[in-house]
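*Asks:* Here are the chains, one letter per residue:
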Amino acid sequence: MKIKFPKWFYQLASPRWFYDITSKLLPWFAIAALLLMVIGSVWGLAFAPADYQQGNSFRIIYIHVPTAILAQSCYMLMAIAGGIGLIWKIKVAHVIAKSCAPIGASMAVLALVTGAIWGKPTWGAWWVWDARLTSMLVLFFLYIGVIALTSAFEHIASGDKAAAVLALVGIVNIPIIKYSVEWWNTLHQGATFKVTEKPAMPSEMWIPLLIMIIGFYCFFAVLLMSRARTEVLRRESKTDWVKLLVERY
Amino acid sequence: MSFFLAALRRDLLLTFRRRNDIINPLAFFLMVGVLFPLGVSPEASLLAQLAPGVVWVAALLASLLSVDGIFRSDFDDGSLEHMLVSPRSLLLLVLAKVTTHWLISGFCLALVSPVLALMLFLPNEGFAPLVFSLLLGTPTLSLIGAIGAALTVGLRKGGILISLLVLPLYIPVLIFGASSVQAGSIGLPIQGYLALLAAMLVLSIVLAPFAIVAALKISVRS
Amino acid sequence: MGHFASFSDFLQMGKHGLYVWLSYGIGLIVIIYNIWSVYWDRRQFFRQAKRRLKREKRSV
Amino acid sequence: MLEVKNIFCERDERILFSEFSFTLNEGEVLQIEGQNGSGKTTLLRILCHLTEAFEGNIFWHGQNVEHSREVFYHALLYVGHLSGVKGVLTAKENLIWMSQLDTALDRISITGALKKVGLFGYEDVPCHTLSAGQQRRVGLARLYLSSAPLWILDEPFTALDKKGVAEKETLIAQHVQAGGCVILTTHHNLNIPGTDVRKINLDECLTT
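Residue numbers (the working numbering), protein chains in the order written: chain D, 1 to 249; chain W, 1 to 222; chain F, 1 to 60; chain V, 1 to 208.
In case anyone wonders, no lab produced these hints; they're calculated from the structure.
Treat the hints with caution; some may be incorrect.
To be verified - One-sided excerpt, in silico: chain D residues whose CB lies under 10 angstroms from chain V:
{"#": "1", "residue": "S151"}
{"#": "2", "residue": "H155"}
{"#": "3", "residue": "A157"}
{"#": "4", "residue": "R235"}
{"#": "5", "residue": "K238"}
Cβ atoms here follow ideal geometry from the backbone N, Cα and C, with glycine treated the same way.
Hey, can you work out the whole structure from these sequences and the hints?
*Replies:* This is how it looks when you write it as structure tokens:
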């Protein structure tokens with residue numbers, strides 16, 4: 001029942017190959033992340049026009065939205081990588097899944113905090129049970145669960161597999177949670193401000209947003225690769241190539 | 001099928017021999033419910049408003065509290081190893097265990113829930129929705145909880161961890177369950193909510209057993 | 001200065017300066033924390049691995 | 001019958017087995033020896049696929065166990081460290097459940113088997129009232145009931161008296177003569193009539 005994959009797929013499974021290829025990719029992503037994020041935030045902070053309703057507080061969008069999107073796609077990546085690791089027993093996939101969790105959790109925190117700060121001038125309160133904020137909070141809880149479960153196992157491989165199962169269960173649940181929270185919100189709140197659903201944003205507003213989103217993705221790639229690289233070293237610490245690296249360090 | 005019944009019979013026998021397993025969740029359920037009037041206010045109108053949520057949260061916690069025990073004793077005494085080296089289907093075994101858990105937690109809680117609802121001044125129209133929504137919602141809680149129990153059964157400090165893993169996944173059931181009671185108590189139709197609860201139940205019956213079996217294998221084989 | 005007339009206008013952001021700068025400040029902190037933890041993790045690994053390697057060599 | 005090929009297993013930063021192989025034929029008894037912590041129990045668990053932390057393959061009648069677990073488990077009787085005996089159930093109820101789980105167990109002779117392990121009169125007593133040795137014997141009663149060809153036994157003689165050990169040895173001899181095979185760990189010097197016991201010492205294994 002096993003599917004044959006092209007050669008690169010199995011090469012990716014080799015920790016050493018992964019370590020080498022990421023060392024070539026990392027600088028490019030790092031430069032791209034730095035450039036895009038600096039350009040995006042300067043543009044967003046200083047040059048984009050203020051929102052006609054919310055004024056300048058709207059500039060928080062340039063961190064809030066990228067981190068919120070990232071927190072969600074990071075969970076997806078974590079679950080998919082975990083699933084690949086479970087099914088095809090690929091070590092690197094588990095390493096990637098494990099490295100995703102803390103990054104995703106920190107992005108969720110950032111999205112929550114910026115959302116709350118944005119909420120103060122917009123809604124007049126630090127916290128409102130808005131559907132998006134609530135489901136982001138639940139997403140954060142899901143991350144906490146995965147991180148706690150991974151670290152609770154002494155045997156690394158079992159922790160990886162357990163976390164992968166949990167992440168997959170979570171990914172099935174996320175749409176249900178999202179839907180139910182949104183529905184619960186409309187039931188209880190009546191009409192709230194829909195901050196991010198605005199009538200057609202002018203291009204001077206959304207271009208920097210796009211730049212920031214891509215920048216954050218690049219930054220995420222940098223973090224993920226570097227975390228995964230250390231994790232690969234840790235897991236392969238008995239092999240000769242890692243010993244050589246350590247000696248040279 | 002006969003194996004499922006045999007497994008179910010064994011698990012029921014095991015719980016009936018230890019009667020505390022049945023009484024503890026019920027007692028816990030009532031006590032949590034009693035904390036709210038003491039902690040918030042004994043005023044009838046306020047409690048009536050809170051009642052659907054309070055009863056549902058109490059039921060959810062009571063179910064969560066007992067879910068840790070689903071596999072614990074079988075893991076500790078080696079029965080789980082026997083189950084894994086058996087040619088029998090683990091899926092059926094797991095389903096039998098979850099069914100037993102539901103019977104001693106969810107089913108009994110649904111039967112007792114009117115007592116708590118009465119103490120919290122839930123309007124009369126809310127009683128039937130409460131019992132029905134608990135009957136439909138708690139099996140999902142048992143199934144999801146069993147995933148968490150299976151993941152943590154091999155760990156020494158599984159207790160708190162399991163709630164950390166499982167509680168976020170309980171949220172949709174809580175929302176639809178409590179909302180159905182709220183809607184019912186002010187005379188709105190509840191079929192929609194019950195249908196959603198039923199849909200979640202079907203989905204979890206189809207998917208959760210596979211996750212539970214995978215998790216059990218990971219826990220025992222670690 | 002783009003949208004703003006002066007630098008102090010830029011800092012004040014209408015009356016929302018506090019919120020905007022707080023957000024960006026916390027954003028910066030989280031970003032720096034992430035980078036730092038990656039760096040620290042890596043250094044920690046190399047230190048421990050080096051120590052272990054020395055121990056192994058001594059015991060051989 | 002059972003072929004174990006190139007097992008590699010590492011635990012707690014220590015290599016327990018590396019390129020470890022053996023074959024077990026019909027009518028053979030294999031005793032695994034070694035100091036505590038040498039990996040005896042781990043090896044038995046690997047053979048039963050009760051742990052995944054190993055590399056290598058195990059074949060049963062030429063078929064890779066990984067892909068035909070059900071067939072293998074039909075042919076296997078495993079008595080582990082933990083007895084799997086439930087304290088709140090009686091000896092008889094315990095064995096009935098075990099026979100439902102393990103298709104190779106003969107359900108009809110349960111009372112007879114309990115008599116043979118010296119638990120006559122204790123069939124309907126909850127097991128938590130029995131002594132540790134008696135509970136152990138409830139689990140071992142499975143040996144009298146099983147028609148599985150492969151027995152894997154982890155320290156089956158602990159908490160047994162001399163007479164009990166001798167009885168189990170005769171039982172193993174009968175099983176082997178009927179074409180079965182047994183893998184077991186024990187500190188006891190095995191004396192199985194009519195059979196040479198093969199031994200594998202895990203301590204030596206490591207140094208080679």
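*Asks:* Now tell me if each hint is right for this structure.
*Replies:* Hints versus structure:
no.: 1; hint: S151; result: violated, 18 angstroms
no.: 2; hint: H155; result: holds, 7 angstroms
no.: 3; hint: A157; result: holds, 6 angstroms
no.: 4; hint: R235; result: violated, 12 angstroms
no.: 5; hint: K238; result: holds, 8 angstroms
Hints 1 and 4 from the earlier list are contradicted by this structure; the remaining hints agree with it.
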